[in-house]
Amino acid sequence: MGINEKFIPIRKGLLEFLLLKIIDANQVYVADILQELSGTEFATQEGTLYPLLSKMRREELVDYVWKESEAGPPRKYYSLTVKGREQLRETSDYWQKISGTVKTLGQK
Amino acid sequence: MNKVTTVNLNGNAYQLEESGYDALRDYLDHAARQLDGNPDRDEIITDIEQAVAEKFRAALGAFKTVVSAREVEKIIQEMGPVQDATAGNGEAGATGSGPHDATTPGGGPGAAAAATGPGTAKRLYKINEGAMISGVCNGLAAYFHVDVTIVRVLFTLLTFIWGAGLLVYFLMAFIVPTASTPGEKAAAQGGPATAQEFIHRAKAGYYEGMKTFHDKQAHREWKRRFKREMRGWKYNFQREMSDSAHQWQQNWSHHWGQHPRYFVGLGFTLFILKMVKLLCFGFGAYAVYSLVTTGAVFGVALPAGIPVWIGVVFLIVLYHFLTWPLKAMLHSYYYTGTPPYGACRAVAGPLDGLVWLGFIVVLVWLGDHYVPQVHEALQQLPPAIHQAVADLKQWWARQ
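Going line by line, the protein sequences match chains A and B.
Going by the working numbering, the residue at position 18 of the first sequence is 59; the numbering climbs one at a time, nothing skipped.
Going by the working numbering, the residue at position 8 of the second sequence is 16; the numbering climbs one at a time, nothing skipped.
Everything labelled a hint here was simulated from the structure, so no lab data went into it.
Treat the hints with caution; some may be incorrect.
Partial selection, computed: residues in chain A whose CB lies under 10 angstroms from chain B [unchecked claim]:
1) A72
2) Q86
3) G88
4) L90
5) L94
6) S95
7) K96
8) M97
9) A112
10) R116
11) S120
12) K124
Chain A is nowhere near these chain B residues, computed Cβ spacing over 10 angstroms in every case [what the hints assert, rightly or not]:
13) N18
14) N20
15) A31
16) N46
17) M87
18) R131
19) V184
20) P185
21) W256
22) F279
23) V325
24) A336
Being a predicted model, the structure only gives us computed values, none of them experimental.
Glycine included, every Cβ here is placed at the ideal spot set by N, Cα and C.
Construct all of the structure, not just a fragment, from the sequences and the given hints.
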């Protein structure tokens with residue numbers, strides 16, 4: 042089992058955090074998110090993203106508006122809700138703590 | 009040259025090659041199954057259809073109006089398998105079939121191929137999502153990669169043959185495990201395996217064996233042994249089947265062949281038995297018909313909440329159960345070919361036929377006389393038959 046497979050659950054768990062970050066920076070639609078994640082370790086696919094976004098919307102972390110596109114039908118543009126921003130802040134803090142622990146643990 | 013199907017994705021029409029259409033429908037069906045129980049299921053499916061449509065648009069141009077099967081496959085792989093984010097969140101990653109394959113950024117074809125590669129072996133499970141009773145049919149459908157309706161119809165049809173389908177169903181319901189963890193569910197749906205895959209695997213096993221030998225002599229020996237084993241298996245199976253069939257036949261004739269004896273009027277008895285059986289069959293068929301069309305049998309409605317098809321299966325089983333003694337009696341007459349009665353049966357046959365013919369004539373005559381509809385129908389028969397009926401009438405009148 043390679044390092045890549047070992048980290049599957051962790052990457053999966055972090056995906057929501059990353060979505061919060063991406064959506065917080067810009068009002069985006071799914072293709073933008075995929076674009077931004079592609080090339081990173083978190084590259085993902087529509088099949089995963091849509092269910093996750095709909096779950097986050099149900100938890101009132103994100104919301105979307107329909108916007109016309111130059112070509113084709115209107116698209117869903119996602120943005121963070123107040124609750125979503127709150128969650129992002131909490132998760133960021135927690136992440137800082139975790140990565141601090143990872144860095145410092147074992148050092149003498 | 010390939011046949012083309014038009015699909016409607018979120019209000020826009022796209023033309024796909026037919027095999028591409030099948031692949032897309034499978035993908036969307038699978039997605040819907042995965043999201044079963046998710047309150048946003050329809051919305052997610054719509055989103056996914058929309059995304060597929062967008063990719064189709066990118067693949068089409070002014071002089072390209074049809075999406076090829078290969079393009080559809082590629083797009084489906086780009087989309088990746090749909091996974092429910094709410095159900096089994098913790099375990100889902102453990103299946104190792106997640107599309108987050110960092111070595112192929114953007115989730116290219118490699119990622120999806122790895123997800124459904126030979127690593128995930130296909131197993132037979134019961135699948136509860138979208139099941140009607142216990143998920144046996146669902147699991148079989150996923151296993152053999154056919155529509156679940158076909159499996160259900162097959163089981164219902166098998167039930168007609170002495171309830172065989174029902175027996176097999178209940179056995180499987182007990183024996184086959186239910187797919188409960190995401191890993192098992194993935195194995196139940198499996199990779200691209202079909203029934204074809206089995207033959208493929210058997211062959212692979214054969215060649216795997218081949219590889220372990222180096223010299224030609226051993227090669228040949230292995231080939232010979234493999235073939236002999238296959239043949240031996242086939243032969244054994246056939247012999248067992250014929251043996252047990254023989255055994256059954258013997259039991260049957262031994263048990264029933266004792267007391268029946270030819271007596272005057274055997275043809276008549278047979279005829280009455282056959283009539284009763286025909287009547288039973290008529291009743292059974294009518295009961296099924298009225299159940300399907302009106303939801304009630306002879307005024308007795310199906311209890312609420314029980315699907316019609318269960319009612320139909322119940323009726324079929326009931327029919328077999330009720331007519332069983334009748335069938336046994338008929339069999340007892342047919343399987344008494346031992347010498348003393350052999351000669352009598354030669355007489356019984358034509359006699360039987362005569363009785364039948366007489367009965368039909370009487371029936372037609374009665375109908376013609378007492379049922380106006382039958383009379384009218386007879387009048388409208390082609391002239392030749394009409395003539396025959398007239399002749400028959402004349403002959404009858406002369407008697």
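Practice task
Starting from the hint list further up, note which numbers the structure goes against and sort them upward.
Solution key: Violated hints (numbers, rising): 11, 12, 13, 14, 16 and 17; every other hint is consistent with the structure.
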